[in-house]
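**Student:** Mind docking chain B on chain A? Use the hints.
So the chains spell out like this:
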Amino acid sequence: MWTWFHRLASPPSFYRFADRLAPWLLVSGLLLIGWAVWLGLFVAPADYQQGDAFRIIYVHVPAAALSLSIYTAMSVAGAIALIWRMKLAEVAVVSAAPIGASFTALALVTGMLWGKPTWGAYWVWDARLTSELVLLFLYLGVIGLQQAYSDARMAARACAWLALVGVVNVPIVHYSVQWWNSLHQGSTLLSAEAIANPKMAPSMLKPLLLSMAGNYLFFGAVWLRRMQNGVLLRERRAKWVREIALPADLPNARPLAGGPGTAKRGDRT
Amino acid sequence: MSAAVAVFRRELRIALRRRAEWVQPLVFYGIVALLFPLGIAPESPALKVFAPAIIWVGALLAALLGVERLFRADLDDGSLEQMLIADAPLALLIAAKLAAQWLLTAAPLVLASPLLGLGLGLEPGPVAILFWSLLLGTPTLIFTGGFAAALTVGAPRAGLMLPILVLPLMTPAVIFGGGAVRAAAAGLPPDAPLYFLGALLALSLTLLPMAAAGALRNALG
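Chain order of the listed sequences is A and B. All the letters of the first sequence, read from the start, carry residue numbers 0 to 268 under numbering that gives the first Met the number 0. All the letters of the second sequence, read from the start, carry residue numbers 0 to 220 under numbering that gives the first Met the number 0.
Because the hints were derived from the structure by calculation, they are not lab data. None of these values were measured; they are calculated from a predicted model. Cβ atoms here follow ideal geometry from the backbone N, Cα and C, with glycine treated the same way. Please note that the accuracy of each hint is not assured.
[Claimed, not checked] What the simulated footprint calls covered on chain A by chain B, stretch by stretch (three residues with Cβ under 8 Å from a Cβ of chain B suffice, anywhere in the stretch; the number is not a length):
hint, segment
1, 25-37
2, 43-55
[Claimed, not checked] Chain B residues, not near chain A, derived (Cβ > 10 Å throughout):
hint, residue
3, Glu20
4, Val26
5, Phe27
6, Ile163
7, Pro167
8, Asp190
9, Gly197
10, Asn217
Bound conformation, chain A alone (with noise of 0.2 Å):
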């Protein structure tokens, strides 16, 4: 039963796999999205107490919620590329590092954009806005570290460590309302009670899982283009490689290396 997951492991087939699915999360993340915003803008009511300032959770609770899931990804790929020594995870773990610091960059500035008129402060230095802040810069560690190394594979493999070392601030972050004395309010959506009778009103409720859908569509499609990315590049030696990326009427065509000078010493694949 696992044939296929190995036949998914070999880069080859994963690029033409990704290449296959890619567009669908693509067209329909953004179509989601586009239905939650205007469900969220222009048909929700407003709040009876914060006004319009609520609609910004359309766009700051999905990346939130994505600024942990794809670190807790990151870290599982990690753990994958370490024990079973498999490439394709490597490549997924430094792909996935610049999505999920954007996804937390956004997360801390449409918060602080809602926290001025709510609050009326930019900033506090709450549990939950300081975890989400070190969880930004432990993504720009694995970034850091990445282009630290010369050697891909090293690099790759150094990241894993490091995202599996960090992965201890995820429930910090999650759990940060509940153990610390929090401004930050707790969450509405994840919890038995809130599942079986919402917290929110129907009109609010809807546009916000339509956007958190549309969100995780969307940085399905954008990881796996970039895991994509980061799969030629490192095969970019490789005959199938050769064969996507250079027309078949070019018969003298160079192998795909960078041109010359550029290939460095340990950039092996």
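**Tutor:** Relative to the frame of chain A, chain B by itself:
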């Protein structure tokens, strides 16, 4: 086990012959703590409020200073490779090395901290908690730093990477360490943050040497 003891003794012997290396963090720590009263007004009551943070951040920076070169000399003279191919588990050898590093660079800081705490105007009660919090927290700092040093030792363009990697990972220790002293200064029980520091200590002593060993094998393998 005997290999770990040998590594531990070797570290101490090297340090005894190069005294400057383990005196430096202590001097650095003193100077950092001294700069804060100069920056704030010396007789300001704010100093007392900031004292836990000053002492904890000072300890963190001093620990970082020593950790930077933790594996560098061993890499240059080849003893790191000997550790890698040794019969004993690499994680155990790294733990021994980090324990020696703690004894040499962090233990003096812990011993000096009551003096700094009193100097910054803390009461004796909070100073005692400060001492215990640093005793529980500094091994976590050293072991986290050791993990980051293992990650960067093989990186040719590491530069400032080590502090960038290590500081976010060290934040929990500072939060709970400073929190314990703050609680004691406010007359509240400091047990909960101290227990958290103990939990962090247990986790970092057991798991981080293994992560560091994996990172070292990757960097040099």
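**Student:** Now tell me, hint by hint, if it's right for this structure.
**Tutor:** Here is how each hint holds up against the structure:
1. 25-37: violated (count 0)
2. 43-55: violated (count 0)
3. Glu20: 25 Å, holds
4. Val26: Consistent with the label, valine 26 of chain B stays out of reach of chain A, its closest Cβ about 29 Å off (over 10 Å).
5. Phe27: Consistent with the label, phenylalanine 27 of chain B stays out of reach of chain A, its closest Cβ about 23 Å off (over 10 Å).
6. Ile163: The claim breaks: isoleucine 163 of chain B does not keep its Cβ more than 10 Å from every Cβ of chain A (closest is about 5 Å).
7. Pro167: Check fails; 4 Å does not lie beyond 10 Å.
8. Asp190: Nearest chain A Cβ is 15 Å from aspartate 190 of chain B, so the label holds.
9. Gly197: It holds; glycine 197 of chain B is separated from chain A by about 15 Å at its closest Cβ, greater than 10 Å.
10. Asn217: Violated, since 5 Å does not exceed 10 Å.
Of the hints listed earlier, those the structure fails to meet are numbers 1, 2, 6, 7, 10, in rising order.
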